[in-house]
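Undergrad: Chain residues, written in single-letter form:
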Amino acid sequence: MTRWLVLVCVLASACGASEKATPVTPTPIGVSLPPGAPGDAAAKPDTTRITITAVEIIGPDGARVTPDRLKVRPALSYNMRVWIFCPPGLEGPQGSGWNAEILEYQIRKGDPAANTGGALSGALRLEEGYTVIEAPLAMTTGPGRQRVTTEILRNYAVIAKDEFTATFSE
Amino acid sequence: MVRRILPVILIAFVLACDSLPTAPSGAASLRVQVTDDLTRQPITDPVYHLEVHLAGANNTYAQPVVNGSATFGALAEGEYRLTTTALFGYLQLDVVRVSVEKSTTMTLALAPIDDFGVEQISVDGQGTIPVGGTIAIPVRGVTLRMRGKYRSPRSPWPAKNLFAVSVPSVNPEADGFGHEGGRTESGPMSPSEFELAIPNWTPCSRIVDGRLVSCYTSADTLMLTMSTPFERGFGGSPLIRKYQSWALKFDLAPGCCLP
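Sequence order for the protein chains is A and B.
Note that the working numbering has the first sequence beginning at 1, numbered continuously upward.
Note that the working numbering has the second sequence beginning at 1, numbered continuously upward.
Calculated from the structure, these hints are not laboratory results.
Some hints could be false.
Cut-off 30 Å, straight-line C-alpha distance, at most; resulting in silico cross-link-like pairs (BS3-like, lysine-lysine) [what the hints assert, rightly or not]:
| no. | chain 1 | residue 1 | chain 2 | residue 2 |
| --- | --- | --- | --- | --- |
| 1 | B | Lys249 | B | Lys149 |
| 2 | A | Lys161 | A | Lys71 |
| 3 | B | Lys249 | A | Lys161 |
| 4 | A | Lys161 | B | Lys149 |
| 5 | A | Lys161 | A | Lys44 |
| 6 | B | Lys160 | B | Lys149 |
Footprint (simulated), chain A over chain B, 3 or more residues, beta carbon under 8 Å [said to hold, decoys possible]:
| no. | region |
| --- | --- |
| 7 | 46–55 |
| 8 | 207–220 |
| 9 | 236–248 |
On a predicted model such as this, the values are computed, not experimentally measured, just so you know.
We put the CB at the ideal spot given by N, CA and C, even for glycine.
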């Protein structure tokens, strides 16, 4: 029964996404931020939990853009870069069980006014230090606002979260 | 007779010793006040069965949380890694190391999560089955009933959350998760209690020539999933999936089992 329930959930989740899923790969960075990393990606001293330290939005020219100054066109021109910090002691396997060492990430984008949205998700295993997830950020229905939520999950429990509003104009 | 009993006593003694602190007691003490990460209030409800564990270089200790705090007396001074366990409802997000000297007090915040835990297992016609108990399995299997506590900040009462529990074999990759002869009925009974019923359950995983084979005779964990139902259609979105320790033995009837 449980296995059928899980299968149905997975299938239903896949059907629910209205946006084409784009494969994204979490990239371990190491215990220190690399040159060129944004300053706000640095974890505060004595951070003791897995934390989304910063979400960058990168424009077509490679420059960082604030989420309230996005343009509708050209479509698919923005990328999100999610910076995650994992303090020593929380990396790799935690606990026991079939998925103990696997975390999941979900990036949900939604416009409640237009009843549109979509989600990207995948699995990752955190190393000590920083990890970056890159994902596209696009508005497919014209000017408006999107609530963008990024969550890190362990066994479906939310262990880290970031939310912001992206505003798109012509 | 004595030859049979002696090894049992010996094993019981070794197991009992294993759960005791592994080092001589010391002169330090630690009081850990446990709070809710959102409300910042102490977690005083005993329903969560919270325990605080300390692991040092040579010592381990465990204490239940009573009235919002766990108190460790007669500790050896030193560095400890602090972890927590709960039947359900709270998750420790922080990696915590504490240096204990003389009398130390600290606060630990736990995150409230969607979660549930089984508190009672019963079988129709056989009554309540305790941890380590035995379930007699007739040819057509048994109706397993489970009750317990839950909390769901993301899908709170009166949402009709779905609860699923399987009783996998000790080696589920090889021996499977058991067989259900009907559809599990589950749901919340109140904002904090749930129940479920699994009809015609047998600890067997494969059907060959109309009979269930690959039957197992023991289990040590329950596999739990709580989901919030989709607005339309069948199924739901998972809120939590986890293991819970619960040892069981199965006494298979001759000719067992039919699907």
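Undergrad: With reference to the structure, classify each hint as holding or not holding.
TA: Now for the hints, and whether the structure bears them out:
no.: 1; hint: Lys249/B x Lys149/B; result: holds (24 Å)
no.: 2; hint: Lys161/A x Lys71/A; result: holds (25 Å)
no.: 3; hint: Lys249/B x Lys161/A; result: violated (42 Å)
no.: 4; hint: Lys161/A x Lys149/B; result: holds (26 Å)
no.: 5; hint: Lys161/A x Lys44/A; result: holds (16 Å)
no.: 6; hint: Lys160/B x Lys149/B; result: holds (14 Å)
no.: 7; hint: 46–55; result: violated (count 0)
no.: 8; hint: 207–220; result: violated (count 0)
no.: 9; hint: 236–248; result: holds (count 8)
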